[in-house]
Amino acid sequence: GQSLEQPSEVTAVEGAIVQINCTYQTSGFYGLSWYQQHDGGAPTFLSYNALDGLEETGRFSSFLSRSDSYGYLLLQELQMKDSASYFCAAPHSGNTPLVFGKGTRLSVIA
Amino acid sequence: NAGVTQTPKFRILKIGQSMTLQCAQDMNHNYMYWYRQDPGMGLKLIYYSVGAGITDKGEVPNGYNVSRSTTEDFPLRLELAAPSQTSVYFCASSYSLLLAGDNEQFFGPGTRLTVL
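Keeping their order, the protein sequence lines are chains A and B. Residue numbers for the first sequence follow the numbering used here, beginning at 49 and rising by one. Residue numbers for the second sequence follow the numbering used here, beginning at 2 and rising by one.
Calculated from the structure, these hints are not laboratory results. The structure presented is a predicted model; accordingly, all values stated were derived computationally and were not measured. A portion of the hints provided could be inaccurate.
In silico BS3-like links for lysine-lysine, alpha-carbon gap of 25 Å or less [unchecked claim]: (1) Lys15(B) to Lys150(A); (2) Lys150(A) to Lys10(B); (3) Lys150(A) to Lys129(A); (4) Lys10(B) to Lys45(B); (5) Lys150(A) to Lys58(B).
Build the full structure now, drawing on both the sequences and the hints.
Laid out in structure tokens, this is it:
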């Protein structure tokens with residue numbers, strides 16, 4: 049089956065850098081996605097990694113190591129508005145929908 | 002584009018009642034999904050559809066039914082509501098299932114359902 053593990057909570061200071069890790073177990077590998085969800089809101093897509101390495105989108109970057117079955121989301125220059133839950137997600141197999149991790153709640157403090 | 006829309010936004014049901022959660026998308030996506038999210042938890046897939054007339058079960062389908070008569074609409078039916086179905090329900094759609102950077106899922110605003 050498919051399982052994704054990520055920390056339940058992370059706290060970081062405004063302006064700092066934070067890394068949210070995700071380890072996965074899959075029967076195959078078809079890419080790792082990251083979604084952001086603010087309290088009371090809907091999840092929104094942040095990034096997708098199909099290959100090893102770093103993908104950068106503004107203050108957010110996502111990294112993947114397929115050999116380690118591991119990825120992370122890196123948030124730089126943290127702002128209060130980054131306080132949200134972050135989910136990693138991956139398909140169970142090549143032709144099935146995403147399975148989501150339980151999410152990491154990020155709290156940005158002053 | 003309205004994206005993915007869901008109605009109603011909130012609903013309170015009594016045990017044993019039935020209801021249909023509506024979902025529509027105007028992006029011409031073939032793939033549509035229904036998730037439920039319990040407080041402090043991740044998203045669990047209820048049902049999904051890969052095109053009009055084709056649906057399949059997800060991780061937690063019991064107590065729910067779906068249909069997909071058009072590309073745009075993907076309603077979720079709850080029969081005989083139970084307190085365990087109290088949750089936030091999200092509908093989503095995507096262009097493809099994976100790869101090519103086109104597997105981004107677009108989510109609706111959610112329906113908050115309470116069963117008492």
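Status of each hint after checking the structure:
no., hint, verdict
1, Lys15(B) to Lys150(A), "violated (29 Å)"
2, Lys150(A) to Lys10(B), "holds (23 Å)"
3, Lys150(A) to Lys129(A), "holds (21 Å)"
4, Lys10(B) to Lys45(B), "holds (19 Å)"
5, Lys150(A) to Lys58(B), "holds (20 Å)"
Checked against the numbered hints given earlier, the structure breaks only hint 1 and satisfies all the rest.
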